[in-house]
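S.K.: Assemble the whole structure, with the sequences as input and the hints as a guide.
Each chain is listed here by its residues.
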Amino acid sequence: MGSYLALELRRSLRDRRYLLLVVGWPVGAYLLFSTVFGAAGDRSEGLAPTIAIMVAMAAFGAMGGVLMASGPRLALDRQVGWLRQLSLTPLSPVRVLAVRLITAMTLSLPAICLILLTAAIVKDVTLPLWEWPALVLLIAAGCLPFAAMGIVIGSIADGDGAQGLTMVIYLVLAALGGLWVPEQILPAPLQAVAKALPSYHLAQLGWYVARGVAPAIGDGLVLLAWFAAAALLAVGVSRRLTLRAA
Amino acid sequence: MTSETADRSVTSDAVHVDGVSRSFGAVRAVDDVSLGVGRGETVALLGPNGAGKTTTITMVLGLARPDRGTVTVLGMSPEDAVTRGLIGAMLQDGGMMPGVLVGELLAMMRRLFPAPLSLQETIAVAQLEGLEKRRVDRLSRGQSQRLRLAMALIGDPELLILDEPTAAMDVEARRNFWHAMRGFTDRGRTILFSTHYLEEADISADRIVLMARGRVVADGTPSAIKDSVGLRVIRFSVVRPETSGLESLPGVVSASARGNRVELRCRDTDLALRALLSARPDAHDIEVAGIALEDAFLSITDGVAA
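Protein chains in written order, with this note's numbering: chain W, 1 to 246; chain E, 247 to 552.
Treat the hints as calculated values from the structure; they're not laboratory data. Being a predicted model, the structure only gives us computed values, none of them experimental. All residues carry an ideal CB built from backbone N, CA and C; glycine is no exception. There's no promise every hint is true.
Stated by the list, open to error - In silico contact screen, one side only, chain E against chain W (beta carbon under 8 Å); selected entries:
{"hint": "1", "residue": "M342"}
{"hint": "2", "residue": "M343"}
{"hint": "3", "residue": "E350"}
{"hint": "4", "residue": "M355"}
{"hint": "5", "residue": "L517"}
Unchecked claim - Distance condition first, Cα-Cα at most 25 Å in a straight line; then the derived SDA-like pairs of lysine to any residue:
{"hint": "6", "chain 1": "W", "residue 1": "K123", "chain 2": "W", "residue 2": "V213"}
{"hint": "7", "chain 1": "E", "residue 1": "K472", "chain 2": "E", "residue 2": "K379"}
{"hint": "8", "chain 1": "E", "residue 1": "K379", "chain 2": "W", "residue 2": "V213"}
{"hint": "9", "chain 1": "E", "residue 1": "K379", "chain 2": "W", "residue 2": "K123"}
{"hint": "10", "chain 1": "E", "residue 1": "K379", "chain 2": "W", "residue 2": "L5"}
M.R.: So, in C-alpha cells, the structure goes:
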C-alpha cells in the first residue's frame, strides 16, 4: 500500500499542467488580489486584506489541489483499465480507495504552503509563529469533503467529463463560498447558499486561526456533514470503478 | 524455485468451473459452462468472437459473478486467490497506470505481491530491457503488450490467465511470447488463455476447450480436437445426390452435399477413400485436399447455431 501511495504522489507532483492549475493559479490570484485590495487601513474578516486574502487563496488552492487530484485522475484510471488491472493484485479495493483519498488530501499542501510562503515573503505578512502550522494543517484537514467528492466524480464521469465537472464544481464552490469576493457583498439569497457550502467554512476555519482565536465548532461540523454525505455517495457509486465483482 | 513450488498446496484443480451461466440483459454470454484446468496444465479457450471466452475468464478472475454455477480457483474463491497473489492476469481491457515510468510501475506492482519475481527477471522475460525509463503512455502497442505480460508475471503467480494475449502481435512476437510462457510452465505453473487462432492453441496448449455461442462444444487434446473437426476432405461427384451412410464410413467425420457434389470431412482420408470406393461405386471426379485450420474451426463452431 505504501509503495502504491508513493507512486501516486510522485506522478501527481510530476504533472506540470496539474501543478500550474492548482498552485500557479491561486498564487497568481493572491498576488493580484492582495495588491489591488491591499490598501493600508482596509479590513476584511477583521483582518488585513493581505492576510484575509492569503487564507482565502490557500483554501482555494487546497480545494483545487484535492478536487483535481481525485476525480479526473480516478476517471482516467478507470477508463484506461488501470483500476481493473490493479484489482487483480492483492491490494484490496478498500486500500486502493484509501490511497486515493490520502493522495488527494496530501495534494492540498503544495498550494497552501506556497501561498503562505508568498504572503510572508512578498507581502510581508507576519503572524504569531504557531499560526502558520495551524493554518496549514487545519486547511488541509478541512479538504476531506472535497476528496470524497472527487471519488464520486471519478466513479460517475468519464475522463473529459470528470475534468469539466470537477472544474465547474471547483469554480462554483470558490465563487459562491466567498473565496474570491467576501460573501457579504453577494446578494442576500446567495449569501444563504454560501453559508451552506464547505468552501465557505473551510475559509472560516483559516480566518479564525489568522485572528488568533479558536475556530468555531460549527464550521468543522458543516465540513464533516459534507464529508459524510459525499462519502456515503462514494460508497454507493465506487462499485462502478470495477474494483470488484458486479 | 522448486522447493517453493512444492510448498504450495497441490490438492485441487487450478481452475474448476461448474455449470456456470452469465447473461447481460437478454444475451446469454455464457451458458452452462463447465471446465477444469489441472495444475501445471496449459489450456486454451478457443472460439470466435462472442463465444463467451472473455466472460468466462472474467468470472474465473472474480471480476464478475456467475448468475448460476460456481467457480473455484486453486481450491478457493477467485477473490481469495487474487488477494493471496496466486493469480496473474493479462486482460484485453486491462491498463497501465498513466503518467509513470515502466520501471516505477513494475517496482510498485512487485511490492504488492507476497513472493514476487525479481524486477530484473521480469523485465528480461517480458523483453522490456532498455524501456524502464519510458513513460507507460508512450509505449508502442507491442511494448504495451509486453508490459501487460510483465505485470501479470511479476507476482510469480500459481495461475496465469491471459485473455487473447497475442492479439496485437506479429508472428515473431508471438513465438517469443510462447517461448517465455514455456519458461513459466516449466516451473509447474498453470496457464489458461483465450485465443481465436486454432494454430496457436494447437502449438501452445496441452488441451483445448472449444467454445461457441456461450457453450463448450469440445474439450480435449489438440490432436483429438483436430480429429473431431476433420482437417482433410474428400470431394467427389455422384449420380444420386444421397449422402446417408457416408458419415459412418471409417475415417469420416461428417458429410455434406451441394447438388451432386459431396464433401466428406475426414480424420483419415486413406481409410475413408478405400471405404468410399466400395460403398459408392458411382463416385467420380474424386479430389482429396487439406483445408485451412480456420475453416475447419469455423465450421464446427457454426454448427452449434441450433
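S.K.: Against the structure shown, which of the earlier numbered hints fail to hold, in ascending order?
M.R.: Result: hints 5, 7, 8, 9 break, sorted rising.
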